[in-house]
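2 protein chains.
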Amino acid sequence: MVGTIVIAQGGGPTAVINQTLAGVVTEARRRDPRTRVLGALHGVRGVRDGNFVDLTAVPERDLLRIAATPSATLGSTRDKPDAAYCEKVLAGLKRAGADAFIYIGGNDTAGTQAILADAAGGSIAMVHAPKTIDNDLVENDHTPGFISAGEFVAAAFLSVDLDFRALPGIYVGIVMGRHAGFLTASAATWRMDEDSGPHLVYVPERSFTRQRFVDDVRGVMDRHGRCIVAMSEGVVDTYGRPLVESLVPREMLERDAHGNIRLSGGDLGQAVERMLSEGLPGKRARVDTLGYLPRGAIAVVSAVDQREAFRCGEFAVEAASSGGGSVAVVMDDDRMVPSLVPLASVAGKTRHMPHDFLMADENRLAPAGLAYLERLLPRKFDPAKPFV
Amino acid sequence: MVGTIVIAQGGGPTAVINQTLAGVVTEARRRDPRTRVLGALHGVRGVRDGNFVDLTAVPERDLLRIAATPSATLGSTRDKPDAAYCEKVLAGLKRAGADAFIYIGGNDTAGTQAILADAAGGSIAMVHAPKTIDNDLVENDHTPGFISAGEFVAAAFLSVDLDFRALPGIYVGIVMGRHAGFLTASAATWRMDEDSGPHLVYVPERSFTRQRFVDDVRGVMDRHGRCIVAMSEGVVDTYGRPLVESLVPREMLERDAHGNIRLSGGDLGQAVERMLSEGLPGKRARVDTLGYLPRGAIAVVSAVDQREAFRCGEFAVEAASSGGGSVAVVMDDDRMVPSLVPLASVAGKTRHMPHDFLMADENRLAPAGLAYLERLLPRKFDPAKPFV
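Line order of the protein sequences matches chains S and D. Taking my numbering, the leading residue of the first sequence gets 1, the next gets one more, and so forth. Taking my numbering, the leading residue of the second sequence gets 1, the next gets one more, and so forth.
With the rest of the complex left out, here is chain S (with noise of 0.2 Å):
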């Protein structure tokens, strides 16, 4: 039995994270009423720094409410320890007389987790709870947080192909995700028809060019009379880099303590705009950054994926109960089942798309991924056609 719990959330919230914050205090009261659970304030810095909030007893009602808030309810952290950095959170973890030390994060976090696991060796038990709107954590089928965001995405587009079928023109809708494109690929789940929008999806798994766009948009356009298209933050250019990096003068690029470039739905939604009014000049062209609000949308918070959250947390103080090892909680394709795989393996790593997720030579989605998008996200809206 674990005597003393460490808890601290990495990476960006998601609508669901709080969920596996209360499972683990859930599990580990309902294992042993003295296990001590201590969170850690803005992840791994909280833990340095000593910044801990007392969760053993705060009290059930509470806690169910604090489990049905999005976002990070004892703040998040992207920072990336180094080796010194490291060494402090080690002994932070220490001085908390923690038993183990449970993060639930993304796969940067899983990365920083991984680090603390080898220099703690042993000690602590490292046990990593997968949390991701992005869904690219590697041996996981989908990650909690993915579902409430890819329901807000495929309600957004949902809502505004109707919108375009009123008032037709262009309309790109650039949305989170940097190497995966899972987020925006949500977009095409709910379409109601083959007329319906997104008629073009564009994924950081596919190289991006300005003449492809502005032919497939022209063709769309031609077939459908209106165009409506999701587009990722991370798309690519055919060298494999950001598009935004070719947008952006290089001194001005922003990158965060992993490395990762700043990317600006702004930067690269101008860019777009400009590429629409010169290559398709007089067409009526908007665009829109859903930017955060998928993310940790408080009136869009799926159930399913609540429950999937809680139980990762749960699963995690079982992991941490059943002894040592660096362990990663991953969910598998049978919801509520989630497993557990050495932390090594997913750390750092990232999931793609799987190739034949998206049709050959279209920016469409194809059969294969429209089923995957299709059971995690069933189809919650049944909307009239329109007349027009």
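Incorrect hints may appear among the rest.
Repeated chains share a single entry, so a pair holds when one copy, or any two copies, can fit it.
[As the list claims (entries may be wrong)] When the alpha-carbon atoms are kept at most 25 Å apart in a straight line, the in silico DMTMM-like pairs for lysine to aspartate or glutamate are as follows:
| # | residue 1 | residue 2 |
| --- | --- | --- |
| 1 | K80 | D118 |
| 2 | K349 | D141 |
| 3 | K380 | E60 |
| 4 | K385 | D54 |
| 5 | K283 | D195 |
| 6 | K283 | E318 |
| 7 | K94 | D32 |
| 8 | K283 | D49 |
| 9 | K94 | D356 |
| 10 | K380 | D62 |
| 11 | K88 | D49 |
Everything labelled a hint here was simulated from the structure, so no lab data went into it. Computed from a prediction, not measured in an experiment: that's the story for all the values here.
Guided by the hints, dock chain D onto chain S, whose structure is given.
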């Protein structure tokens, strides 16, 4: 009793404009099952060109499904008829045997209908039914479409504020609204406490200066450690010109048939990003353009808004049946009780936020503004306050 009603939808779609259409068809049937209801496709353009869909016999079940579907099922238009166009529309109404023309739309639509009313000279009852997410129709307490869009915006900013508590920085969300700031101000309706965002609200009713903006943001960052901003697309400079006019070269400005400049959230967003990176270098800042997302979001449709919009449709038929005239249905403070005003009193006029809705010296909602918005948008979410 009316024999033939022609109905059309104009301007930007909303989440509930089809409720009004369903209200018209339902009430027409109730009064006399023989009443013919013809829907013109794409507003007055459909009337002019004889493009109608016969709604007389649409099954009740289908009508309910249409009502529940956002965006204009008949299609919409931004055409602004001149005298010649007007003659053709009037001829189209006569060919269709119209006893009444019910046009659902905002102030531009009402302006079009007022011109038609003059040309018709009382031969056809002209009834305008209100619709706009901008809430900028004079004589109305509020307008159908606003509540659903407002709830979307309120929920979005509540969510983004939670997100930025976890990973602090500056966030600017750009919201539709050409002349009136009601929708942008909605962002502040569901704030949890004094620490909550949006901390700053910029609306077209107050002039915007770059220096003031940067100072405002710096002050909020100092006080709260993060800064959430809700900004209207239609913010104006000290000369009262839309800010995008001074940002975009004159020859690139697009105008619609009503002479409205195309407000690009993208252009404004880029400019705001530049202001922040130059004025507050090194701060994490992100600008999203909400654009079309709030106006017909299928996942966030208010039941109250739906009922009010339906009631406006019913009431428009009552007005048409009680004989002739050119009138506009308006929403009173008492919900579900619309009333009538002369069409000319709403046509082409813009309602602005009352002066006392905003604090005198600050870009924040004043108690009167908050009270108004809280009456229309009762709080729907009660999240837990994060530990950070």
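Taking the hints in turn, this is what the structure says about them:
1. K80 to D118: Close inside one copy (15 Å), not across copies (70 Å); limit 25 Å.
2. K349 to D141: within (15 Å within a copy, 55 Å between copies)
3. K380 to E60: Answer is between: at 22 Å across copies they meet the 25 Å cutoff, but 31 Å inside does not.
4. K385 to D54: between (53 Å within a copy, 15 Å between copies)
5. K283 to D195: within (19 Å within a copy, 43 Å between copies)
6. K283 to E318: neither (58 Å within a copy, 40 Å between copies)
7. K94 to D32: within (21 Å within a copy, 81 Å between copies)
8. K283 to D49: Result: close only across copies, 22 Å inter versus 55 Å intra.
9. K94 to D356: neither (47 Å within a copy, 56 Å between copies)
10. K380 to D62: Answer is between; shortest inter-copy Cα gap is 18 Å, intra-copy 30 Å.
11. K88 to D49: Within. Shortest intra-copy distance 8 Å satisfies the 25 Å Cα cut-off; inter-copy 75 Å does not.
Of the hints listed earlier, those the structure fails to meet are numbers 6 and 9, in rising order.
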